[in-house]
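Undergrad: Model the full structure from these sequences, guided by the hints.
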Amino acid sequence: MPATVKGGVELRKALRNYAPNLGKETQKEIANALKPIVKQARGFIPSESPLSNWAREGGKFPVFNATIMKRGIGYKTTPSKPNRRGFTALAQIRNRSASGAIYETAGRNAPGTKPSSRPNFAQAMGNLEGSGKDKGRAIFAAYEKDYGNATKAVLKAIDNAGKTFNATVGKR
Amino acid sequence: MANVVIDIATQYTGNPAFKKATNDAQKLEKSVAKLGKQLAGVFAASKLYAFGKASVKAFAEDEKAARSLALALANTGNAFASIEVEKFIGDLQRATGVLDDNLRPAFRTLLTATGDVKKSQDGLALALDISAGTGKDLGAVSMALAKAYGGQTTALSRLGAGLDKATLKTGDMDVILGQLTEKFQGQALAAAEGYSGSIAKLAVASQNAKEIIGKDLLDSMRMIAGQDGIGGAATAMESFATQIGNAIYGIGVLTTKIKSLPGADFIGRFLSAATQVSGLGALSKFGASSKAASAGTPAQSPGQRKAIDKANADALKLQKSKNSLAVIDNANTTRKLVLTADQQALEELKKKFDVERIGLYTALNEATGAETRARILSLIAIHDNDAALASKAKAELDAAKNISTFADSAARAAALLLQVSYSAGLASFKQSEINSLTGGNTTTTPNPLTQAPLPMPSSPLESFRQSEAKYASYSGNSGSPIIVNVAGSVTTQQDLVTAITQGIYNNQASGIPITYSTAY
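Top to bottom, those sequences are chains W and R.
If you use the working numbering, the first sequence corresponds to residues 1 to 172, in order.
If you use the working numbering, the second sequence corresponds to residues 1001 to 1520, in order.
These aren't lab readings, by the way, just hints derived from the structure by calculation.
Being a predicted model, the structure only gives us computed values, none of them experimental.
Beta carbons: idealized from backbone N, C-alpha and C, even for Gly.
Treat the hints with care, as some may be off.
Non-contacting residues of chain W with respect to chain R, defined by C-beta distances greater than 12 Å in every case (computed) [as the list claims (entries may be wrong)]:
| hint | residue |
| --- | --- |
| 1 | Val9 |
| 2 | Leu22 |
| 3 | Gly23 |
| 4 | Lys39 |
| 5 | Gly43 |
| 6 | Leu51 |
| 7 | Ser97 |
| 8 | Ala124 |
| 9 | Thr164 |
| 10 | Thr168 |
Listed next, the in silico BS3-like pairs over lysine-lysine satisfying Cα-Cα at most 27 Å (straight line) [what the hints assert, rightly or not]:
| hint | chain 1 | residue 1 | chain 2 | residue 2 |
| --- | --- | --- | --- | --- |
| 11 | W | Lys135 | W | Lys152 |
| 12 | R | Lys1119 | R | Lys1183 |
| 13 | W | Lys13 | R | Lys1020 |
| 14 | W | Lys76 | R | Lys1019 |
| 15 | R | Lys1064 | R | Lys1169 |
| 16 | R | Lys1118 | R | Lys1201 |
| 17 | W | Lys60 | W | Lys70 |
| 18 | W | Lys81 | W | Lys135 |
| 19 | R | Lys1136 | R | Lys1064 |
| 20 | W | Lys6 | R | Lys1019 |
| 21 | W | Lys60 | W | Lys35 |
| 22 | W | Lys35 | W | Lys70 |
| 23 | R | Lys1020 | W | Lys81 |
| 24 | R | Lys1310 | R | Lys1322 |
| 25 | R | Lys1119 | R | Lys1165 |
| 26 | R | Lys1119 | R | Lys1057 |
| 27 | W | Lys28 | W | Lys60 |
| 28 | R | Lys1057 | R | Lys1047 |
| 29 | R | Lys1019 | W | Lys13 |
| 30 | R | Lys1027 | W | Lys81 |
| 31 | R | Lys1020 | W | Lys6 |
| 32 | W | Lys81 | R | Lys1019 |
| 33 | W | Lys13 | W | Lys35 |
| 34 | W | Lys156 | W | Lys28 |
Each pair of labels, with its calculated beta carbon distance range [said to hold, decoys possible]:
| hint | chain 1 | residue 1 | chain 2 | residue 2 | range |
| --- | --- | --- | --- | --- | --- |
| 35 | W | Asn21 | R | Ala1033 | 50 to 56 Å |
| 36 | W | Phe121 | R | Gln1026 | 46 to 52 Å |
| 37 | R | Gln1038 | W | Glu10 | 41 to 47 Å |
| 38 | R | Gln1026 | W | Gly59 | 48 to 54 Å |
TA: Take a look at the structure:
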């Protein structure tokens, strides 16, 4: 469950317009908070395909490629588009590659839900880490093992930026 | 593309679905409003068109009925009563609530039958009473009365008026009308006083309003149609209806509603007040003044008006250009006058230093003869290009020539005179010599004119001929020699002629006229 802030988007605009240096510093601070998760998540990607035939070329199914999968894991510190519920993400950890997403989420619903399903595929890739629906094997596992430190650091960075902005630019 | 993300920090910025729903709702609202306006416009336009059409139709029918009645009056020799009849029908309409569209045909029917305006008016009033009393149609009642006037009482008996057969058989219209009057008198007025009567009166007012509006609509369409006349009436009506819009539509709606709403009196007052308060009154006044203003002149279409305005503007522009040119022309004329005056001054100065002119004037001053002076004056006029001086010089020259001619004639006369006197003296001398030699006393007095015919001047001294005989007798009677004293030496005849000529010149220079009478 992500933390919710108020005025984060407005603060970012204000920083960009009136205190660009502070804005850049804030972005770096947030990135520094997210980098450990990304690094750890990339480490969760196996170098060899957990399934024998996944790495074989041919067909439409995304092929296992550790390099592409690791490259697809990253972070984003700019506001996203609002989702269906109206929330805009100020900082995200993303797993953007197709094969990485498969590795991340495979088996979320299949094990035990449908008797006719074949759980061997998911079980072969290992257990899912996380709670509730937010379960995964790469970024979600890294975020789970971070214990919320990244979230705290991001919130702190935003809070500090706001305070600094008010203390400097707001007094003008 | 896969979108597996973890949102570290989020902010609620509003649900796009809600925004979309809000926008869609707003768009829907606008669309509905626009559609409503369009529907209202279509509805109003169609209603307005229908009302305008009905108004024009009502006016056309009313005018047709009025023309028919006027023609009937003229055919029966009652054209003089046309205005009175129209007033009577109008009053009857207001009093009874019966439309003039019904009254006019009824009156025309009665007028055709009776041929008398008074009888027709009484008959129409009675027909209204009978119609109100029996519930029969006014047209049928008036037709029955008209037939009764013609001697056919059958239709009258079928009206259910309760006339007995004996009375009808008599055919006496006074009796029949008397009975009918007794039975139905006041029915029409009574019917007009009730609620239904008020409604009928309002219907009459509504119909009259329609006719008035219809007339104005037709006039307006004529104005809009311009030279094409009323040919495009439908198009013109639609265009006119669209332009006038809801104003006439409102009148139409109110007029229609009056028929069905109670409290018509209040509505009438409201309409009157609304007319005074709202812009409708001002619009009505404007229309009335426009109609009065255009009564004497034909209506102009916008195109004609535009063309006239353009022609006026062009004429004004042309006049301005002419004025500008006139100003320039005046300035040029003034400048030319100044230049002319300067030129004249220069010419005058030039004349003062003109050597040739100075010489001519010197010669003029030194000249003694009139002819010479005139010639010099002519030269001066030619030199100066002076037409006035030239004409003057020419006159003097002609006078001088005449004088010269006269002088020549005078010289000839003097020569003749001298010759005559010489001949006479010679004859006298000869006679005296003969006498002295012969001692006789013979006297011969020869007629010198017969003895020596001399050339006579032909002109201009014709009178000299007349005096010739007188001179001859005079000289003949005297018989003595004539002694002429001449200054200087006169040795020859030519010297004598020259001396006489000079003497004549001197006399002329002294102002003594040279005529035969002054010579003697």
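Undergrad: Could you run down the list of hints and mark each one as holding or not?
TA: Here's how the hints hold up against the structure:
Remark: the non-interface label on Val9/W conflicts with the geometry, its nearest Cβ contact in chain R lying 6 Å away (cut-off 12 Å). For Leu22/W, the shortest C-beta to C-beta distance to chain R comes to about 18 Å, beyond the 12 Å cut-off, and the non-interface label holds. No Cβ of chain R comes within 12 Å of the Cβ of Gly23/W; the nearest lies about 16 Å off, and the non-interface call holds. For Lys39/W, the non-interface assignment is confirmed: its Cβ lies about 15 Å from the closest Cβ of chain R, beyond the 12 Å cut-off.
For Gly43/W, the requirement that its beta carbon stay farther than 12 Å from each beta carbon of chain R is met, with the minimum near 16 Å. Even its closest Cβ contact with chain R, about 18 Å, leaves Leu51/W beyond 12 Å, as expected for a residue assigned away from the interface. Its closest Cβ contact with chain R, about 7 Å, brings Ser97/W to no more than 12 Å, contrary to its assignment away from the interface. Every CB of chain R lies more than 12 Å from the CB of Ala124/W, the least distance being 19 Å, so the non-interface label holds.
Every CB of chain R lies more than 12 Å from the CB of Thr164/W, the least distance being 17 Å, so the non-interface label holds. Interface exclusion of Thr168/W from chain R stands, the closest Cβ pair being 23 Å apart, more than 12 Å. A threshold of 27 Å between alpha carbons decides the hint, and for Lys135/W with Lys152/W the separation of about 20 Å falls inside it, so the pair holds. Under the criterion of a C-alpha separation no larger than 27 Å, the hint pairing Lys1119/R with Lys1183/R is consistent with the structure, at around 19 Å.
Of the supplied pair hints, the one linking Lys13/W and Lys1020/R holds, its CA atoms being roughly 24 Å apart against a limit of 27 Å. With a C-alpha separation of about 26 Å, the suggested pairing of Lys76/W with Lys1019/R holds against the 27 Å cut-off. Restraint check: the Cα-Cα separation between Lys1064/R and Lys1169/R comes to about 38 Å, which exceeds 27 Å; the hinted pair is violated. Annotation: proposed proximity of Lys1118/R to Lys1201/R holds, straight-line Cα distance about 25 Å (limit 27 Å).
As the CA atoms of Lys60/W and Lys70/W are separated by approximately 21 Å, the hinted pair is consistent with the 27 Å bound. Distance check on the hinted pair: Lys81/W and Lys135/W sit about 23 Å apart at the alpha-carbon level, within 27 Å; holds. Between Lys1136/R and Lys1064/R the alpha-carbon distance is near 25 Å, which keeps this suggested pair within the 27 Å criterion. With a CA separation close to 20 Å, the supplied pair Lys6/W and Lys1019/R stays within the 27 Å bound.
Restraint check for Lys60/W and Lys35/W: not satisfied, since their Cα atoms lie roughly 32 Å apart, outside the 27 Å limit. For the suggested pair Lys35/W and Lys70/W, the alpha carbons sit about 13 Å apart, so the restraint of at most 27 Å is met. Distance restraint check for Lys1020/R and Lys81/W: the Cα-Cα separation of roughly 15 Å lies within the 27 Å cut-off, and the hinted pair is therefore satisfied. For the proposed pair Lys1310/R and Lys1322/R, the alpha carbon gap of about 18 Å is at most 27 Å, so the pair holds.
The hinted pair formed by Lys1119/R and Lys1165/R meets the criterion: a straight-line CA distance of about 23 Å does not exceed 27 Å. A hinted pair counts as satisfied when its Cα atoms are at most 27 Å apart, and Lys1119/R with Lys1057/R does not qualify at roughly 31 Å. For the hint pairing Lys28/W with Lys60/W, the CA-to-CA distance comes to about 39 Å; that exceeds 27 Å, so the pair is violated. The suggested pairing of Lys1057/R with Lys1047/R holds, with an alpha-carbon distance near 15 Å, which does not exceed 27 Å.
Between Lys1019/R and Lys13/W the alpha-carbon distance is near 22 Å, which keeps this suggested pair within the 27 Å criterion. Among the hinted pairs, Lys1027/R with Lys81/W is consistent with the structure: their alpha-carbon atoms are about 24 Å apart, no more than 27 Å. Distance hint between Lys1020/R and Lys6/W is fulfilled; the C-alpha atoms sit about 23 Å from each other, no more than 27 Å. Using a Cα cut-off of 27 Å, the hinted pair Lys81/W and Lys1019/R holds, with the two alpha carbons roughly 14 Å apart.
Straight-line distance between C-alpha atoms of Lys13/W and Lys35/W comes to about 23 Å, which keeps the hinted pair within the 27 Å bound. Between the alpha carbons of Lys156/W and Lys28/W the distance comes to roughly 13 Å, so the proposed pair stays at or under 27 Å and holds. The supplied range of 50 to 56 Å is met by Asn21/W and Ala1033/R, whose beta-carbon atoms lie about 51 Å from each other. Between Phe121/W and Gln1026/R, the C-beta spacing of about 50 Å keeps the proposed range 46 to 52 Å intact.
At roughly 43 Å, the beta carbons of Gln1038/R and Glu10/W sit within the given window of 41 to 47 Å. For the pair Gln1026/R and Gly59/W, the beta carbons lie near 49 Å from each other, so the given range of 48 to 54 Å is met.
Taken one by one, the earlier hints fail for this structure at numbers 1, 7, 15, 21, 26 and 27, listed in ascending order.
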